[in-house]
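Student: Each chain, written out:
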Amino acid sequence: MKRVGIVALNTFREAVRDRVLYNLVFFALLMMLAAVVVGQISIGIEESVIVSLGLSAISVIGLLISVFIGVALVSKEMEKRTLYALLAKPVRRWEFLLGKFGGLLLTLAVNTAAMAAGLFLVMLYVKHSLQPSDAVVLVAVYFIWLKLALIVALALLFSCYTTPLLALLFTSGLYIVGLYVRELRDLPAQVMNPAMTAFTKWLSYLLPNFENFNVMAMAAHGRAVPGTLILQNTLYAVIYCAIVLTGAAAVFSRKNLK
Amino acid sequence: MPMTGFAIEIENLTKEYPFGFLHLKKKTSLEGLNMQVETGEVFGFIGPNGAGKSTTIKLLMGLIFPTAGTARILGKPISDVEMHKDIGYLPEQPYFYDYLTAAEVLDYFARFHDLTAADRKERVERMLKKVGLETARKIQLRKYSKGMLQRVGLAQAILHDPKLVILDEPMSGLDPVGRREVRDIILELKREGKTVMFSTHILSDAETLCDRVGVIVGGKLQGVGAPGQLVDMKTQGMEILFALTRASNAPLLAKATKTGDYYRLQVGEGELYAAIEQLRGAGARILSVTQVKASLEEFFMNLVEADRAQASAVEVSGR
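If you read the protein sequences in the order shown, they are chains Y and D.
Using this note's numbering, read the first sequence as starting at 13 and increasing by one per residue.
Using this note's numbering, read the second sequence as starting at 1262 and increasing by one per residue.
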């Protein structure tokens, strides 16, 4: 695991030096603007507007980073051939892959945590105080991070056996489909024949379910998230990531580099 | 580790690349390579571009996988990642993380070997000095020239004191000073008892540095041996260098080649003295007489020509 850590820390350093964290400036400006505007136009619902806007911004910015950088994590190293010298060291390919995944997860954790801190500052500015019930916002941020981890794992998998552009399309496509998994599962029986209904139901369990990670409405209204959901989402993300990364490692371990 | 006399043992190593629609056609980059590199020797792997040199090295380093055949490095199969602790590798036209400085990239690679922080620091400094990058140590690699990147590549290959160093075109992109320095490093590695295998298409480098060379053309190994053994070392003739002190129309002069004020004439060994007599009679001032031997370059060119002729013959018969 030491080697995984070395690759992960370098991936984080790459993100920092490539100015990935500069998005925080955009987030800060957006939240400052929101705080001023919300304070003037909304009466009584400032908090929910700020929380919804803040969580949406954290999610969108995180999505952009995880999809675009996730797809490039391995493909860029193959394209630029920086991987050659590294794989000549005593490093297994899966260790490299896991390190890249860990490095981007660390980047996303720092980025998301910084944006969450910004959101709490704006909430404090708008409400003048914070309550224990505001902790639900932290849970929502944690769920966003779990969702991003899944997206990075998928991006890595696709980038291991196809071009970066196709990997980008597949990852984005799967994310959009994953937002409607419940609808797919609950399609009325009369819409399709029984075989097709059974297939879509089976497919809905196979596809990543991103709907479960969305607790934005609960957070906006200060409603507590059940502990079981936190545990369930954590386990789901860990197991799904493990399966996807195992697949990615299997493909990458037999890949002929250019 | 079972001790053998070989640092590298390659058996029937073959690499085919599928191409075309549905990948049904296959191009053979390397065909049944059998070769050994002895422990402690400097081995030159020579061949024209596209001959299969880099393919062989990439197979050895586990960057690509063989279609058939096996190879062992330091007695271990090439699939054993732990064996990489004792190997240094310089890729062809190396490229490294351009957001790092030379010192950082060397420190990063050193971390994969079991070195203490103090040892790492000391080795990085020593390597930067060795490859002449001390003054550029704090500059990000994105600002480095091709030659400077080649030096970083060489430094990272020898940083961890490996037993075997594999260099893919180490002289590529270097100026004469850089090439001289790389030559010195290779000789130093040999003095330290390391095994060095390097690929090149610069034959003079191979001739001056290598204990043995392997010549590969068209994916097939054409010969292995000491540079002097590979070529026919028998004297092919004698070359007389002379200048004319007066105008002459001696018949022998018609066979000479004029370069500037001087003439060169190649004659058989047995005809040397008669030719000198004739030339002196024609008013020639003899400047030197040298033996003409086949060079590695000629040997190499003959193989390349033969391969091309064979390839075009196959193409014609295929029509």
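One or more of the hints may lead you astray.
Simulated restraints on C-beta separations [stated by the list, open to error]:
(1) Arg1403/D / Gly185/Y: 31 to 41 Å
(2) Val28/Y / Glu1566/D: 32 to 42 Å
(3) Asn268/Y / Asp1445/D: 32 to 42 Å
(4) Val37/Y / Arg1403/D: 22 to 32 Å
It should be emphasised that the hints constitute simulated quantities derived from the structure, not laboratory data.
Glycine residues also receive a C-beta, built at the ideal position from the N, C-alpha and C atoms.
Student: If a hint holds in the structure, say so; if it doesn't, say that too.
Tutor: Taking the hints in turn, this is what the structure says about them:
For Arg1403/D and Gly185/Y, the hinted distance range of 31 to 41 Å is satisfied, since their beta carbons lie about 34 Å from each other. A hinted range of 32 to 42 Å for the beta carbons of Val28/Y and Glu1566/D is inconsistent with their spacing of about 55 Å. Separated by about 35 Å at the C-beta atoms, Asn268/Y and Asp1445/D satisfy the suggested range of 32 to 42 Å. For the hinted restraint 22 to 32 Å between Val37/Y and Arg1403/D, the CB-CB distance of approximately 23 Å keeps it satisfied.
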